[in-house]
Amino acid sequence: MSEAAMHKPEKIRCDACPVMCYIARGQAGACDRYANHDGELVRVDPLLVLERARAEAHVVPFFSGEEASWQGDIISPGDTFVTAVGAGTTYPDYKPAPFIVSQEIEGVDMVTVVTEGIFSYCGVKVKVDTDRHLGPECAAVRADGEQVGHVTTAEYGSQMLSLGGVRHLTGGSKKEGRVTCDMLMNLCNGEPVEFSIDGGSSIVVAANQAPVINGVAEERMRVGCGSATIGMFARQWHGLVDEVVVVDDHITGVLSEHQAGKVLGIEETGIRIKGRRSTPGRYFQVAEPGTGWGGTDISDPLTILDPFNPKVAKPGLRLLMVSTTGEQSGYYVLDDELKPVEQELPAALKPSVERIAENCEPALSTVLFMAGAGGSLRAGATENPVKLTRSVKDMLTYVSCGGAPAYVWPGGGITFMADVSAMPKKAFGYVPTPAIVAPIEFTMRREDYAALGGHMGAIVEASEALMKAGRRESGHGQSAWPTARRHYRWGQDGGGTP
Amino acid sequence: MNAPVAAFLPGGRRLHLQHGPIDLIIEAWGGAAERDRAHRAAIARFDTILNELVAELALLRRPCPPSGLAVKGVVARRMFAAVQPFAADGLFVTPMAAVAGAVAEEVLDHMLSAADLDKAYVNNGGDIALHLGEGERFDVAMIALDAMPADGGRVTIEAGDPVRGIATSGRHGRSISLGIADSVTVLAQSAAMADAAATLIANAVDLPGHPAVMRQSATSVRHDSDLGERLVVTGLGALTRNEIDAALGRGLAAAVDMRAAGRIAAAALFLRGRSMVAEAVGRGATCRLPGALQVDGLEAIPA
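Chains as they are written, first to last, in the working numbering: chain A, 3 to 500; chain B, 154 to 456.
Source of the hints: derived by calculation from the structure; they are not laboratory data. Note that this is a predicted model, so its numbers are computed, not measured. Cβ atoms here follow ideal geometry from the backbone N, Cα and C, with glycine treated the same way. Among the hints, a few may not be true.
What the hints assert, rightly or not - Going by beta-carbon spacing under 7 Å, a handful of chain A positions derived as facing chain B:
| hint | residue |
| --- | --- |
| 1 | Asp17 |
| 2 | Cys19 |
| 3 | Val21 |
| 4 | Tyr24 |
| 5 | Ala26 |
| 6 | Gly28 |
| 7 | Gln29 |
| 8 | Ala32 |
| 9 | Cys33 |
| 10 | Gly241 |
Produce the complete structure using the sequences and hints provided.
In structure tokens, the structure reads:
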């Protein structure tokens, strides 16, 4: 028992209905729907219902007055989607079983197989929007001292991390597996997780929130690389300043040498940049990677400059240096010895620096859950598991993860990725294996379900499932709704969403 | 706090009402206007039923005294009336043994006083209150709940039968049981009576002291259980055929006594794929098991 759990009361009071059961730890209430799991009230049946945003109320308040109008159909199943999100399979009496729900969507009988999968083959891909150096490619990413993943490629304005996976879950030490499992569940449930990267930074990641790098929250995602920034803003700088350097660890841009500057007729300034010149106005490796200006390790931008060329440069030359997010900037004027001297940024230039910042998107960490639906999970849907795989590949079956769209990777098996922030809260659980418990739904036409050997006898009507729903949440955008016709091969001619 | 909810099941015939631990499935036959009135009456009555029970819950969870329990609620009084005869016999029983049947009965009564129906039922999680107009009949399938639910035969109740309640109890349902029966289905004059009797017969299907029967105090399963510190069955190991029949026989004896006292019409008991039936001989409800030997209703019938 964790220390936190020890401080929680032995009995909790359930307020889900007027019975107000006191439920002891490990026990369920009178309804068998709510239970006390380590001092927390949890729902023990695996039903969470998503409601389509456009729909009217699906469960209206219970009416007792004669004057109330009787609608006849209080719950409208067509605008609801039963997800596989449950209370977690750690509850001892809870046995994950597929829930097979049917509903009619605009004249088409649809079936959704709802189950909570237990995934050993799973992990997350994290995209951290930052220019700052998190660590070298392939460096170990650690949580609680254990390696739980590694740094992978740098992408546009961001750094990718690959975390979890079967080798950390079950291939390492017992502690490595447990820490990896905790980390995955917390990240997928939207909780912040702290990582340290070998030879790099410490970082706190939470899905859809700004990353915190070495204790500082990242605000902005770069507007572009240094060279692109020059291209975007050259016109706004023209006439107000003689030279602009956009400092970037990847590609530092120099206005007077850049194609954009040439087009505007900006004259040479005699500036000399450290690092390796790539093409005119574009420099690589102007400094070491770090958490300073533009993802470099510098805090004084002048350190990337060599002395100005005295044959070209003139005293009084005006120089703006700015980072790719507009967070840092400096304005300099060359003195008689052609040395840049910092001065206050002229009011006329401020808008251009602010414009860079304005054009930056908020920096986020985004988390995609990636997992493979294995044999036993597919067997919960059909007696002939490979037929489910084929049905998915044939676009007859749509895969969603807690109602969120899942991208199914081409090739063998059902290996999918889904954005955890598009899923309902607390959609993920774990089992001590260690493995992650995640919701997965397969939706298809009733006849397609029959054709793949589905458990037709186990189908229940959606309105029944809705009665049992413990939570109702608003679903994400309509276009991604799991029963939308366009997801299916048969629905693509004639188009439209139901 | 979740309020009561109502929904029609697909097809628009069956009404589902749910509040907290109570789930009712209701179906009525008759003219459209009558059915509509009945549905409204059911909904109106259901609105407050759980709150009424909760108000007297502490008393309803206590062992029933042999006479004179001071409960006010209409449903609570139905519960007391159903269990009181058994308490008077000296059996341990709380009014909660009849709660499901009593709720079903109460809702059905309100439907019938609001509307003229040919036939109706209120099914409260397997405890069913019935209305049968002249010439009507009701067919219900029993399921022998075990690891694999199996067809437990069918029951047909006709308007002339003295049966308006059907209830099923056992250790696989939501309630916890003192006995080892997979399920016991009882036909009785009222749903509350059937409910109480099914609970008690299921308790009687037992093998006291047998090592294969795992027991724990009821409070360790559900700390506010009305069964208190009594040992409830939490698991069952392998049993021989003779042991199964011996356990069923104990339950059958209890059922036969109840039938003789006029409290139930029939009972079907199921354990590990075997079953026994106590049924009324001659006129009255009949209960047929697949492949069963047609023997005098007072004797054990191997399925």
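Okay, the hints, checked on the actual structure:
1. Asp17: holds, 6 Å
2. Cys19: Cβ of A:Cys19 sits 3 Å from chain B, so the hint holds.
3. Val21: Since the shortest Cβ distance to chain B is 5 Å, the answer is holds.
4. Tyr24: Because about 6 Å separates A:Tyr24 from the closest Cβ in chain B, which is inside the 7 Å limit, the hint holds.
5. Ala26: holds, 4 Å
6. Gly28: violated, 9 Å
7. Gln29: A:Gln29 check passes; min Cβ-Cβ to chain B is 6 Å, inside 7 Å.
8. Ala32: It holds, given that the least Cβ distance between A:Ala32 and chain B is near 5 Å, below 7 Å.
9. Cys33: Constraint on A:Cys33 satisfied, holds at 4 Å.
10. Gly241: Hint violated; A:Gly241 Cβ to chain B Cβ min 67 Å, cut 7 Å.
Figure legend: structure checked against the earlier numbered hints; hints not met, in rising order: 6 and 10.
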